[in-house]
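Protein chains: 2
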Amino acid sequence: MSSFQFTLLATDGGARRGELRTPHGVIQTPAFMPVGTRGAVKAITHRDLIDLDAQIILGNTYHLYLKPGDDLIARMGGLHAFIGWNRPILTDSGGYQVFSLASMRKIREDGAEFRSHLDGSLHLLTPEKATDIQARLGSDIAMVLDECVASTSEKEPVREAMLRSARWAARARARWCQLRDHGDPAVRVTNPGQAQFGIIQGGVHPDLRTESVQRTTEIGFEAYAIGGLSVGEPPEVTYEVVGHTAPQLPEDRPRYLMGAGMPDDLFECVARGIDMFDCVLPTRNARNGQLLTSTGPLVIKNARYAEDPLPPDPGCGCYTCRHFSRAYLRHLYIAGEMTGATLATIHNLYFYLDTMRRIREAIVFGSFERLRQEFHQTFSRRPQQ
Amino acid sequence: MSSFQFTLLATDGGARRGELRTPHGVIQTPAFMPVGTRGAVKAITHRDLIDLDAQIILGNTYHLYLKPGDDLIARMGGLHAFIGWNRPILTDSGGYQVFSLASMRKIREDGAEFRSHLDGSLHLLTPEKATDIQARLGSDIAMVLDECVASTSEKEPVREAMLRSARWAARARARWCQLRDHGDPAVRVTNPGQAQFGIIQGGVHPDLRTESVQRTTEIGFEAYAIGGLSVGEPPEVTYEVVGHTAPQLPEDRPRYLMGAGMPDDLFECVARGIDMFDCVLPTRNARNGQLLTSTGPLVIKNARYAEDPLPPDPGCGCYTCRHFSRAYLRHLYIAGEMTGATLATIHNLYFYLDTMRRIREAIVFGSFERLRQEFHQTFSRRPQQ
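Chains A and B are the protein sequences, given in the same order. Residues 134 to 518 (the working numbering) are what the first sequence spells out, left to right. Residues 134 to 518 (the working numbering) are what the second sequence spells out, left to right.
Read the hints as simulated data drawn from the structure, not as lab findings. Take these hints with a grain of salt, some might be off.
One copy or two, it doesn't matter: identical chains are merged, so the pair holds either way.
[Unchecked claim] Below, simulated BS3-like cross-link-like pairs (lysine-lysine); rule was C-alpha separation at most 30 Å, straight line:
| # | residue 1 | residue 2 |
| --- | --- | --- |
| 1 | Lys-200 | Lys-288 |
| 2 | Lys-200 | Lys-434 |
| 3 | Lys-434 | Lys-288 |
| 4 | Lys-175 | Lys-200 |
If you're wondering where the values come from, they're calculated on a predicted model, not measured in any experiment.
Make the full structure from the sequences, and use the hints.
Laid out in structure tokens, this is it:
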């Protein structure tokens, strides 16, 4: 735990400004983590990520386990060495992907049985196995395996999943401690300084969230994430659950909201005490031709942009906005040129990462609330006319 | 013509070291031009091209004429402004693409009638129209429309195509001079300093090549290209025709070999007096997972690279080779990550452009022949075991 340390530098209302020390470097929080599913953030290079000053990226255990395999990655020295990325990495547990397989998976007490979406082969992901895989990957932050349910489920299944997640969390922690204290010849640990985060579940039910916080913090992790949100419920509900849950988590540990969200979510959840975010939205929407700007999403294929000489966001300082017009970007999308996805990804990630930089600065200066109001005055979730 | 000027700086045997002044900057020759078909070099950004120090890129008139259209590009200020590229651009005439449409085109004396590969619409590309389109695009170097035939054709059709190409060249030049001297309200000229190159045809027949040189140089162009090669004939035949044709071209003008070639072709054709090259090979092969190295092509998907920690080419100084292993690149290809194509494109273009840099340096130092021998000692066209 010595190489993992969180320091709270400042607060501004509920918003927190911190510094998270990991074996591969320091992360300034609140932070947004671009998603690099298979060891690459889609459509861009690490050089672009460094230029964007991404402090940490996320890798998906499910995908890396299936291909090229955690054993291979361990033999190559771990995920950092394998993909040539020297800054921090967080890996998820694979749980979310497995639960997304719907009919191709079955939840049992020992773990989640699933068929690979690649070749139909049968696998069992247990809390221990998810821990082992991530130990081999050697991420700086590993997540426990949890059971995700739809946020619209009846309360009882949500409660059962929350309780099972807590039991799984205890098993994951036991396995993590065992690897740390005694090792296991079957598991090549590639990052001895890896931290493990617990995950709070409980859907949209305040009492279940409170119970999950108690059960999970009792086990004791380096830090805690809030899972099972941003999965279709209205934003106000997300904010309510975050506002209820985050303050119950230990103040001296970072709080990670998994899978969120839209740009306005960042402001609302920072305001409620969240320190870390990840989301595929900026990268996925970029590939689909949706650019996120300070006034809202811009659908670049729209015919109205065919001869528009303006950059995607005239106020943006990213490489794309400094050099290219909407007309050119539209042309690249219509023509099917990969470069269009690259330029849009650079823009969208810049927008997210720059927003986080401005949030961090505002917290220090005590002007977060003003920045938040300003953002909401111009930003709309509806694509522009 | 004042903004277009070629200066021969040094020779070494048949190899020439020159400097080509264009409205958008100076090109050191011999030079390789990456192909940016639709206003983007596939899979990379202009930033990557600048980092690779690409001096000039090529745009395809056929593709840009169909989408987004030369009129739109002219309204946006020309191709440079539209795509945000401030260095020189050469555009082809569209002839090669039209002739590649096979059954979807018909050659007539007035021009080439063809159906768009996008929507089947009928178009007529005449020498005048190809000139007008390129005037709207505003490339620094425009090419005349020529008739391409298979290099394996009987001699008579090759002769007829050569003669027609010469007649078309005269018409293209007349139209170019008309636009320069009198303008035409129907054609928005976006680069008044544009040069026009004639194209030598005649297949693999020395006498036809000689006749083509006479007929084309009689018309008079800023410079001349050798067309109709690297289209399937054995390399020795290409070299023979180049060796026969290039020395007949004016010494004080750059000589451009269209569509060549493999890395060894660069050496062999520079040795025979060629100053400019373009080829889709480095970029297309990159997307197909073939990396070109100093020892030959490397098929990155090959299972033998699954755990290979070496860079694609251990002697290469490109971004990809300085940061990534064959194992990681293979993983990206197997996983279908676009970033794999980007990294391979960066490597392949670096290899071509760095080879040209070394060739330019060697010519100045009188060591071109030694460099050429060294290259052939290690390079093989066969993919590595």
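Hint check:
1. Lys-200 <-> Lys-288: Neither, since 36 Å and 54 Å both go past 30 Å.
2. Lys-200 <-> Lys-434: For Lys-200 and Lys-434, the Cα distance is within 30 Å only across copies (14 Å; inside one copy 34 Å).
3. Lys-434 <-> Lys-288: Result: close neither inside a copy nor across copies, 42 Å intra and 49 Å inter.
4. Lys-175 <-> Lys-200: Result: close both inside a copy and across copies, 16 Å intra and 26 Å inter.
In summary, the numbered hints that this structure violates are 1, 3.
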